[in-house]
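Enquirer: Produce the complete structure using the sequences and hints provided.
Listed in order, the protein sequences are those of chains G and A.
If you're matching positions, the first sequence starts at 1 in the numbering used here and goes up one per residue.
If you're matching positions, the second sequence starts at 1 in the numbering used here and goes up one per residue.
Not one of these hints is a red herring.
Taking lysine-lysine pairs in the BS3-like style, the calculated list, with each CA pair at most 25 Å apart, reads:
| no. | chain 1 | residue 1 | chain 2 | residue 2 |
| --- | --- | --- | --- | --- |
| 1 | A | Lys-105 | A | Lys-68 |
| 2 | A | Lys-100 | A | Lys-3 |
| 3 | A | Lys-105 | A | Lys-17 |
| 4 | A | Lys-105 | A | Lys-3 |
| 5 | G | Lys-11 | G | Lys-57 |
| 6 | A | Lys-100 | G | Lys-71 |
| 7 | A | Lys-105 | G | Lys-57 |
| 8 | A | Lys-100 | A | Lys-41 |
| 9 | A | Lys-56 | A | Lys-105 |
| 10 | G | Lys-57 | A | Lys-100 |
| 11 | A | Lys-41 | G | Lys-11 |
| 12 | A | Lys-41 | G | Lys-14 |
| 13 | G | Lys-57 | A | Lys-3 |
| 14 | A | Lys-100 | A | Lys-56 |
Computed footprint of chain G on chain A; a stretch qualifies when at least three of its residues, placed anywhere within it, have a C-beta under 8 Å from a C-beta of chain G:
| no. | region |
| --- | --- |
| 15 | 43 to 52 |
| 16 | 100 to 107 |
For the record, the hints were derived by calculation from the structure and aren't laboratory data.
Note that this is a predicted model, so its numbers are computed, not measured.
Glycine included, each C-beta is placed from N, C-alpha and C at the ideal position.
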Amino acid sequence: DTGVSQNPRHKITKRGQNVTFRCDPISEHNRLYWYRQTLGQGPEFLTYFQNEAQLEKSRLLSDRFSAERPKGSFSTLEIQRTEQGDSAMYLCASSPRVAGPSYEQYFGPGTRLTVT
Amino acid sequence: ELKVEQNPLFLSMQEGKNYTIYCNYSTTSDRLYWYRQDPGKSLESLFVLLSNGAVKQEGRLMASLDTKARLSTLHITAAVHDLSATYFCAVDFDVNRDDKIIFGKGTRLHILP
Numbered sequence: 001d002t003g004v005s006q007n008p009r010h011k012i013t014k015r016g017q018n019v020t021f022r023c024d025p026i027s028e029h030n031r032l033y034w035y036r037q038t039l040g041q042g043p044e045f046l047t048y049f050q051n052e053a054q055l056e057k058s059r060l061l062s063d064r065f066s067a068e069r070p071k072g073s074f075s076t077l078e079i080q081r082t083e084q085g086d087s088a089m090y091l092c093a094s095s096p097r098v099a100g101p102s103y104e105q106y107f108g109p110g111t112r113l114t115v116t
Numbered sequence: 001e002l003k004v005e006q007n008p009l010f011l012s013m014q015e016g017k018n019y020t021i022y023c024n025y026s027t028t029s030d031r032l033y034w035y036r037q038d039p040g041k042s043l044e045s046l047f048v049l050l051s052n053g054a055v056k057q058e059g060r061l062m063a064s065l066d067t068k069a070r071l072s073t074l075h076i077t078a079a080v081h082d083l084s085a086t087y088f089c090a091v092d093f094d095v096n097r098d099d100k101i102i103f104g105k106g107t108r109l110h111i112l113p
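Expert: Following this line, the structure appears as structure tokens:
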């Protein structure tokens, strides 16, 4: 399977705990994006990387959130001291940005986080 | 402010009918994407529209882009139950030489048999 993969697919945690999610993009894609989606809403941008560089962070990304992409391949998203409001689907997407105008994103299956 | 607005947000229609979903956006862009999402699933890419006047068709779905009007449409022809899903448009805005992708709230389509 050469698509975007995310792990875990589901995570249930208690308020105050830390959680970490992983995303493996399509191998030749140098852009990687993280989104959060709550029920009935469209995906909300959190942050993105070009190779290992984190180029932009949304204001939604509070200081409890951190993302890394250390070698320009897989990425992790960590949430510290989780709150119930963090419950959502966390989506990862990757896209090529080498040549050509299309920055079409390919989405992973998502990690559904439930904070109790 | 970068905004993407879809309408309607909810659509219930009979099989065999035609309908159009609209996606308006706030400022210049010539890159727009349509996605489909089934309940509890991730997003599946449907169309990539990269220029004014672009039209793409796949089966019963056809998407078009009018960059001057800042409008894209997703037209459904002779709807079938399998097309029931939520459809999102996403616009790629060029902000300070960097692209920023904003999604609409989605149109939840329910096709009655």
